[in-house]
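Colleague: This is what each chain is made of:
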Amino acid sequence: MARMKFLCDADRCIECNACVTACKNEHEVPWGINRRRVVTLNDGKPGERSVSMACMHCTDAPCAAVCPVNCFYTTADAVVLHSKDICIGCGYCFYACPFGAPQYPKVGNFGSRGKMDKCTYCAGGPESDFSTIEYEKYGSNRLAEGKLPLCAEMCSTKALLAGDGDMIAEIYKQRVIKRGYGSGAWGWKTAYRETVAI
Amino acid sequence: MLIKRKTSGPGRSFHPAVAIGEAPKALDRRAFLRNSGLVAGGLAAAGSIQLGSMRKAQAAGSSAIGPEVTVKKNICTHCSVGCTVTAEVVNGVWVGQEPSFTSPINRGTHCAKGAAIRELVSSDRRLKYPMKMVDGQWTRISWDQAIDEIGDKITGLRDKYGPDSVYWLGSAKFTNEAAYIFRKLGAFWGTNSVDHQARICHSTTVAGVANTWGYGAQTNSYNDIRNAKTMIILGGNPAEAHPVSLQHVLSGKEINRANMIVIDPRFTRTAAHATDYVRIRSGTDIPVVWGILWHVFENGWEDKEFISQRVYAMDDVRKEVAKWNPEEVERVSGVPGEQLKRVAKLFATEKPATLIWCMGATQHTVGTANVRALCILCLATGNVGKPGTGANIFRGHTNVQGATDMGLDVTSLPLYYGLVEGAWKHWARVWDVEYDWLQARFDEVPAKGGRKSRTRKESMESPGITSTRWFDGVNLPEDQVDQRTGIKAMMVFGHGGNTVTRLPEAVKGLGKLDLLVVADPHPTTFAALDARRDNTYLLPICTSLEMDGSRTASNRSIQWGEQIVKPAFESKNDYEVVYRLAQKLGFGDKMFKNIKVVDNVPEAEDILREINRGGWSTGYCGQSPERLKAHMRNQAKFDLVTLRAPKDDPEVGGDYYGLPWPCWGKPELKHPGTHILYNTNLHIKDGGGTFRARFGTERNGVTLLAEDSFAKGSDLTDGYPEFTMAVFKKLGWDKDLTAEEMASITKTGGANIDAVSWATDLSGGIQRVCLDHGVTPYGNGKARANAWNLPDPVPVHREPIYTPRPDLVAKYPTRPDERQLRMPNIGFSVQKAAVDRGIAKDFPIILTSGRLVEYEGGGEETRSNPWLAELQQDMFVEINTGDATDRGIKDGQFVWVSGPENNAKAKVKALVTDRVGKGVAFMPFHFSGWYQGEDMRKFYPHGTDPVVLGESSNNTTTYGFDPVTGMQETKCTLCQIRAV
Amino acid sequence: MRRTPTTFRTLIAATILTAAVGASSTSFAQQTRDGLNPTGQNPTAESVNEEFLFKQDPKITGRISIPDGKAANLIQPAGRDYRDFREWWLPWLSALAVLGAIALLGLFYFFRGRILMERGPDTGRKILRFNGFERFAHWMTSSCFIILALSGLNYIFGKRLLMPLIGADAFGVVAQYAKFSHIYLAWPFMIGVALMLVLWLKDNIPNKIDIAWIKAFGGFVGDKHPSAGRFNAGQKMVFWMVIGFGSAMSVTGLMMIFPFALTDITGMQLMQVIHALIGIAFIAGILAHIYIGTLGMEGAYDAMGSGKVDLGWAKVHHDLWVEQEQAKNASGPQLGRHQVPAE
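Residue numbers (the working numbering), protein chains in the order written: chain A, 1 to 198; chain B, 1 to 980; chain C, 1 to 343.
So that you can see chain A by itself, here it is in the shape it has in the complex (with noise of 0.2 Å):
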């Protein structure tokens, strides 16, 4: 079965910011939530890399356990979606996901945090699919049409993979050993509690 994951390849990321872009096209995500990001480590110096983050869609789900009313489930491509119906912005997600994919938007003065959005894989929210309601609630659902998500299909260098997990692990390790260096799964320890072996 299918268990999809992200896999950014940190010797190919360039910061270009595509995937923050795509998303935002994508989805239409309003200004100041970011689904996806880009954080550049050892900025300047010898060493840098970079990195596209966003909700890694973790095997036994942080933010779902977390979650005071149970807004979370996981789909049968282990994706992790969530409800904004159900949702009432509590922000324990945010202080559970270790990649900080949560995001809120600002509604009224104080408080009062929005629903929570986060990347859905590009698989849209419990609405039906491709309907109005659930693009204007989660963005669009390309997945459900056969295609994966927009960040990674865009990348500039190919740098951010997404699909079956041991497919682009394979990938990955594929160039790994034709390359000869590779700095790793990015978050994948954390995320899937595994890594790419080499």
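For the record, the hints were derived by calculation from the structure and aren't laboratory data. Glycine residues also receive a C-beta, built at the ideal position from the N, C-alpha and C atoms. Errors might be hidden in some of the hints.
[To be verified] Facing chain B, a subset of chain C residues (Cβ under 7 Å, in silico):
#1 PRO43
#2 THR44
#3 SER65
Keeping the supplied structure of chain A fixed, place chains B and C upon it in accordance with the hints.
Modeller: Same frame as chain A, now just chains B and C:
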């Protein structure tokens, strides 16, 4: 309303990576809903806080069948890589972008700008209707009124001051067709002051490269970098400026375990992925290149066979290089000798090796010389004309290569014919107008400032004023400007106002103009500098995504873009505006005689056909619109590395993707285009070629033609000159011409048929016969290590005008004051004054500039796009941690960056980083809308202000121009930084 | 601004830098080779990796160009510890505390029964114990507290107890209202705590009498009533608990209402932990307070109900206070039989 719907219809096709399976514990969407719906409705119905709207998605698999989706392909406008943009259009609205997996260039990918490009078309910050400034207030007017008034005003100026008083600034974002008719408009108007962004990005590359081996363009391609075993990236940061190119660079690096050497003053994002990083002092490229060559020659690593067969006067270079021993190189550039030895060895011995450069090499007072030195490095090591080698010059805009090709250049008519009489006569024939009429359009210039007077013919053949100096052309005393008067009107099409150095001088110039017309999707900095009260017009032009036409990527591949949606708001495309202006000026019918015009809009395909009819010199003759469209339809068939389609394909068989020029002969000849220039290992019919015999056959008794080197399958097995009827007759090849071809040649040649050449033969017969004989129409010459026609025939190091090392100026001074391109260039005086006044003490930090991935050029367009603007919200200066500590500057705080001219200062945020070395500061050049600390937002017409504003880096840049092209110095000046 | 580094990194950089500046020579060529101007190394080989970075710091942080500083955290596995706390420790602790408190009080009730009012000469006469404003402060705070407690418990137990009963949608609505009430009622609660502090601080300063009162187990055990002022030591404990826990809840709560305003992700996790732990302790404590003020002791409720208590009861439980009140004014603030004539 369904905002976004896809093409795939109700049937679900899963990506191969997605296997459908049932997870034991996983809940699917419907199971989740069932489980959660124990008390469905209930309280939810009472919810009033946006909660109750959840509808049960029980309609299993009811994949909505949305409205009809059409898919359109165009080309991203933000750099020269040429990424295909795939757009989904519903009811005339661009609703989504899909990856363009079939494009061999971008293979589905984009950078931040390309992935956000849809916003450009729907942006509500665009200029929506023509506007005119009346007494300092922007007022809406109609198109008819705008064209009428502008036409009347420039006609008035022409009558009073002559045609050269109106400056025509075009755009690298034009399609080829728009660039071509814009240049033609300049010719019909009677001036050579027609320029565009290439002036400030790669004009020195074009001059330097063309003067070395023939054509001013990237020799290989982005894709071909996959073949390289060693690559040097010098003065370029493609990770930010050309991110998609890094796909090929990094793949090449991985596949071949290639050496990737980055030479730059700044540890760029590209450098982060290098295998060697060489930090140099800004403006010391020639010492570094000569330093590399010193090791090459010292160790005998040069390609001796290649040099003897295909290079002229390499010994002249040896003499200069001998001066640059490791000690002197380190003294001047700061690079240790051992490091350069390693670089030299890798580049010369681990071949094929390619050299990539961008504006770090070109934007200098020694830009042309830098480029020449880089070419010589390629030549000395035999790294030209083969896969994986070459000068891979990454250009900046969608069509900066094409717009240069189309002659938006003060020194040439379209396709590099130059301005000589033969060139004008050639184009007069193509345009079907009388040469005398064209000549009469030009100005007679009286003697002044000690210079002789100029006839109309001389004016016609005299290069115009460069875009880097337009405001000097306004501000300087009239006797210093080599035309009847200074510049009185600026016609600015698709060009930012903040991209040229010395912005304070530009502001002065703007205030003095009699007329300013800005034709652009956005108002641009020109409109918001608060320099004018009236006689200022803004014309809304659509983006090139909203129009048909071809674009030439950096690798010379020409791609046809189709209109994605109709021009937004009241905007019009460039074709229509040029046509209407030409009509208003009274020569519209003459100018568009052979071009189909529908509803005032000239047809792009027909313009391209006219280009094909005249574009022999550069091989722009074979790329008919039909062939280009076939390429876009068949993108998937082209190979990723060779860019070639299988020979048996019915539509594009054997072609290289985008028919990279030169694509010889008429379209019917089906020449495949030339993927790699000067590649002698291929037959010319397969895209092979030789160095161009452009500079004669011999000089001082030494041959300039190749020796024992020729393209595969050539009938001539040695060097040969370019082909004319005279040469044909000698070889007896004139017999091979058909009767029609002969008739055409006879008509062209008139009394002097022997002079008709491969470049002026409108029948294409000469090229056809050349191809049949396996020879290159332009001859088989040697590349020149010594370009005797340039100011420094062999490049020599010259310190920047504002150098942090005044101690080196005596030994390496800039060139003496001279007059170039109708203007004085007083670089020497400025440099001397700076040294005498001890400027380097008061302004101790080198200021350099460059690109950010999120923005492009002047940045008005990209800073108006919220998806991009969110990612870079403040103008900043990168300052070294040491310099910051010395000044008590903290990361993120505001600082004043002050420059040595005009009391210039800029208020920007500090980014404290070791990315820049000590004594170096870096600013991105995309910002504008703040001026010397003041927020200028209110001066934009209402609702058109970009989301993000900031100081322009050019507030603080300084004097300095390349002697060949007038290129500005943006990469090395001095500044001081103080905490606010 | 492009990328915001952490102060920590800047500090390190600055330290290295100061050292380097001191050591470096003045020649340009040499400057380019010192630590500030790295040149010649192999950036590919030197690339950072996860393992290395985790050895330096429990979370991986870099630069990011967007202004959202917390987005610069790339990976923070500490979220797991937070999750363990929230999903394992917290429910058990909460259940233990709340149910434990109820069980203890039940036991106490079972063995001790309701503490009845001792009849005496003053029985039936009333003395004003809390004026209207004091009662307002108390009831505002306490009613807020009850809703805050319930909505707070909902964060822990809602999905376990309520959600299966009423379904996700309905629970979503409840939880949303609960969250709004938790956030909005926090403000009157905080005002109430502040008011109570001002009103009752002077009567709640601990003194020697309290020690005696505690030694006598407050009279809950045995027949003798130890002396007490306006508030006995038990009540003082409740007061200080309310003030202490109330402030802690306010501070941590405010931090959560304005997330990341003053602290980073680690701080936020800590705030949430503190808020939850104190919250359940607070609930347990207040349960006891409610018990003794209502069911546990006859006559106690009147103090906050009508504000007037039975003088006899008062003399038993707050003898010193009654004396003090009566000394202040012969008639004291009491009403009833010994109505003081107007002077």
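Colleague: Each of the hints needs a verdict: does it hold here or not?
Modeller: Hint check results:
Here the hint on PRO43(C) is kept, as its CB sits about 5 Å from the closest CB of chain B, short of 7 Å. Hint on THR44(C) holds. Least Cβ distance to chain B is approximately 5 Å, under the 7 Å limit. Satisfaction of the interface hint for SER65(C) is found here, the shortest Cβ-Cβ separation to chain B being roughly 5 Å, below the 7 Å cut-off.
Checked against the numbered hints above, the structure violates none of them.
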